[in-house]
Amino acid sequence: MSKENNIKSWYLDNFQKFDKVTNDNLKNLRNDAAVKFGNSEFPTKKIEDWKYTNISPILNNEFVPSPLFKYEVNNLSIEKYKIPNLDVHLVVFVNGIFNKGLSELNDIESGVIIDSFLSQSKINHELISKYSSKLEISLNSFTLLNHTFTYDGFFIYIPKNKIVEKPIHILNIAIDNNDKPLIQPRNLIIAEENTKANIVSEFVGNDGSEYFTNVITDISVSENSNISFIKLQNESNLAYHIDKTDIHQSGSSVFNHFSLSFGSKIVRNDINTKLDGENIECHLYGLYLGNKDQHIDHHTFINHAKPNCMSNELYKGILDDKAKGVFSGKILVDQIAQKTNAFQSNKSVLLSNDASIDAKPQLEIYADDVKCSHGATVGKLDEQAYFYIRSRGVSAEAARSMLIRAFINDVVSEIKIEQLQEKVNHTIFEHLHREEF
Amino acid sequence: MIKIKNLHANVEETEILKGIDLEVNAGEIHAIMGPNGSGKSTLANVLAGHESYEVTEGEIIFNGKNIVEMEPDVRAREGLFLAFQYPIEIPGVSNSVFLNTAINEIRKHNGEEEISAKDFLNRIKEKAKILGMDSSLISRSVNQGFSGGEKKRNEILQLLTLNPKLAILDETDSGLDIDALKIVSHGVNNFKNKNNAVILVTHYQRLLDYIVPDFVHVLYKGKIVKSGDKNLALELEARGYDWIIKEQTELV
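Sequence order for the protein chains is A and B.
Heads up: the first sequence at position 206 corresponds to 206 in our numbering, and the numbers run straight through without jumps.
Heads up: the second sequence at position 62 corresponds to 62 in our numbering, and the numbers run straight through without jumps.
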């Protein structure tokens, strides 16, 4: 049997165990997914969308679906993960399972739901089925693996005309007791008409922990809503992280997505948005910082399905040591999507000769009255600026830190929560092992 | 203060400086003038330690030490300052953080304690006032969104705040209107005392109406071909550089 079939059998065997001990509303859905998973394929480098990312290290490991464990989390301290000086709704997950004791959910606006997917699947099953992504036959094995073990994740529902004042901070903590957990959050955000919210989804794990996070997030942004979703990925250096986020935007909505990627050995983020109404604004920002032998892959897809919308995409990366980055940004402008404005920019700085980036912008335009642009640059830190800073007495090391901050500034400064900006800046320097100033 | 002996420097294998000799003592202001392409800016950058220039021969003795092999940040801590012709924007790094880091690096080098937040703020406010700058600029990013004139003024603010022993001003007057020129000159004159020195690199005489040099040197094809007092600058203003070039040709 091939390696791929071996690992598929491993997960299907685990599914049998899992299926025996669970009896809930999601059972049929999972069984359907399991059958499809059995018939699906893990993506290989032969597939265009995966040609720069070799996932075989993930398939070499037998990860254990985390709902099969009971975790002792009594002594878990989460203080260090909190965003300093910021009042939030805190939603804590340990290995993908909601932890009520560690969460802080007070003064939630009436009608707004911030809860776990598992508990809502019992109460709000209909809503969940309506908004969950369909299990198309073309889905790859990672997506179907998540569906096969659909269990927990976060669930956010914002009814019409509601503003969620405090940011929602979702903290996904991974712990590994040498049992190699497979953590598969299944997340859903439903923002009804005329709503506003800032959602921060953070992934953390201690270096040295070995696990696999495989996330699915569906986001529905209705008319006139303004939603920001900021993902902060700071997993263990030995973790694998695969994320598929699908966003559906309706008319006159504004959506900001941030993918801030620091941790993990292999990372793949798929961010797909459909601009399905007029006068929509969509901003996709990304930051990838890689060192050692990290591999960080971002695939974005913006589907301009209706006229008069704008999308703006800015992805920046800093790669050190032997780190490898991938950026593939596809923009599709439908035949009817006249007056589309679509901008895409991808810039990377390589701090070492062994670091590399594969950048692939793709524009597919079927309308004739549009403004679209894209560009990708790769370079080193600006030498003249480096000299300028040092000529004031600043050490070489601190000067490089300042240049790194200058380079990523136009992404970080778009995070409109100042305390979070500070946390992000701090994480950047910590991750690059650079002096912070 | 600084003694430059037979200095030769290359950019990508092309020799730009071809044997410069210059001595600047404490309390003096020297102007380096010359036509475009004569090597003025190269000299300024070589003195500050720019890595794109390679010194192939000669010495730069600054306060008794040969600094030719010294890193630019160490030169700055030793008391050398270059005001850039084209100051760089550093988004995301505030003037305050930038200057505070620089001051403390210099203090550490001199075995002094870090400056207190209060003293730092007072110093910036005092210096900003001399230059007619709003002290709210200290929370803004270094040079980001500044006009050409504001950038030049910010260079002088850095000069006053860091208070080096030797200030090299590379075409600080370029792109300045007359009001800005006066303010910048006022700043430089405020800096100047009997214990420090200034080297002004300039193409035009007009800056020297406001900052009066003790010596004027003409650089041509990588060499100082003529030296004199401030009257030499006036003569250059009146007659241009051609007569010097002609003189040189005749000498050859």
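Hint data in this document are derived by calculation from the structure and do not stem from the laboratory.
Note that the coordinates shown come from a computational prediction; the quantities given were computed from them, not determined experimentally.
Among the clues, some could well be false.
[As the list claims (entries may be wrong)] Here's a subset of chain B near chain A, in silico, CB distances under 7 Å, partners left out:
id: 1; residue: HIS50
id: 2; residue: VAL55
id: 3; residue: VAL68
id: 4; residue: MET70
id: 5; residue: ALA76
id: 6; residue: GLY79
id: 7; residue: ILE88
id: 8; residue: GLU105
id: 9; residue: LEU234
[As the list claims (entries may be wrong)] Distance condition first, Cα-Cα at most 30 Å in a straight line; then the derived DSSO-like pairs of lysine-lysine:
id: 10; chain 1: A; residue 1: LYS70; chain 2: A; residue 2: LYS27
id: 11; chain 1: A; residue 1: LYS274; chain 2: A; residue 2: LYS292
id: 12; chain 1: B; residue 1: LYS151; chain 2: A; residue 2: LYS416
id: 13; chain 1: A; residue 1: LYS46; chain 2: A; residue 2: LYS330
id: 14; chain 1: B; residue 1: LYS192; chain 2: A; residue 2: LYS380
id: 15; chain 1: A; residue 1: LYS70; chain 2: A; residue 2: LYS17
[Unchecked claim] Pair ranges (Cβ atoms, derived):
id: 16; chain 1: B; residue 1: ASP177; chain 2: A; residue 2: GLN362; range: 31 to 39 Å
id: 17; chain 1: A; residue 1: ASP293; chain 2: B; residue 2: GLU54; range: 31 to 39 Å
id: 18; chain 1: B; residue 1: ASP209; chain 2: A; residue 2: ASN85; range: 38 to 46 Å
Glycine residues also receive a C-beta, built at the ideal position from the N, C-alpha and C atoms.
Hint check results:
Given the 7 Å rule on beta carbons, the hint for HIS50 of chain B holds: about 5 Å separates it from the nearest Cβ of chain A. For VAL55 of chain B, the shortest C-beta to C-beta distance to chain A is roughly 15 Å, which exceeds 7 Å, and the interface hint is violated. The restraint placing VAL68 of chain B at the interface with chain A is violated, with a minimum CB-CB distance near 16 Å, outside the 7 Å limit. For MET70 of chain B, the interface hint is violated, the least distance from its beta-carbon to any beta-carbon of chain A being 11 Å, above 7 Å.
Interface hint at ALA76 of chain B: satisfied, since its Cβ lies 4 Å from the closest Cβ of chain A, which is below the 7 Å cut-off. Proximity of GLY79 of chain B to chain A is violated relative to the hint, the smallest CB-CB distance being about 10 Å (cut-off 7 Å). Hint status for ILE88 of chain B: holds, given a least beta-carbon distance of 4 Å to chain A, under 7 Å. The beta carbon of GLU105 of chain B comes within 4 Å of a beta carbon in chain A, closer than 7 Å, and the hint placing it at the interface holds.
Because the closest C-beta pair between LEU234 of chain B and chain A is about 32 Å apart, greater than 7 Å, the hint is violated. Taking the CA atoms of LYS70 of chain A and LYS27 of chain A, the gap is about 20 Å. The hint holds against a cut of 30 Å. The straight-line distance between the Cα atoms of LYS274 of chain A and LYS292 of chain A is roughly 35 Å, outside the 30 Å bound, and the hint therefore fails. With a C-alpha separation of about 28 Å, the suggested pair LYS151 of chain B and LYS416 of chain A falls inside the 30 Å cut-off, and the hint holds.
A hinted pair counts as satisfied when its Cα atoms are at most 30 Å apart, and LYS46 of chain A with LYS330 of chain A qualifies at roughly 19 Å. Only pairs whose Cα atoms come within 30 Å are accepted, and LYS192 of chain B paired with LYS380 of chain A is rejected, the gap being roughly 38 Å. For a cut-off of 30 Å, the pair hint linking LYS70 of chain A to LYS17 of chain A stands: about 15 Å separates their Cα positions. Between ASP177 of chain B and GLN362 of chain A the beta carbon distance is about 48 Å. The supplied range of 31 to 39 Å is therefore violated.
At roughly 36 Å, the beta-carbon separation of ASP293 of chain A and GLU54 of chain B lies within the given 31 to 39 Å, and the hint holds. Distance hint check for ASP209 of chain B and ASN85 of chain A: the Cβ-Cβ separation is about 53 Å, which falls outside the suggested range of 38 to 46 Å.
Hint check: violations occur at hints 2, 3, 4, 6, 9, 11, 14, 16 and 18; the rest are consistent with the structure.
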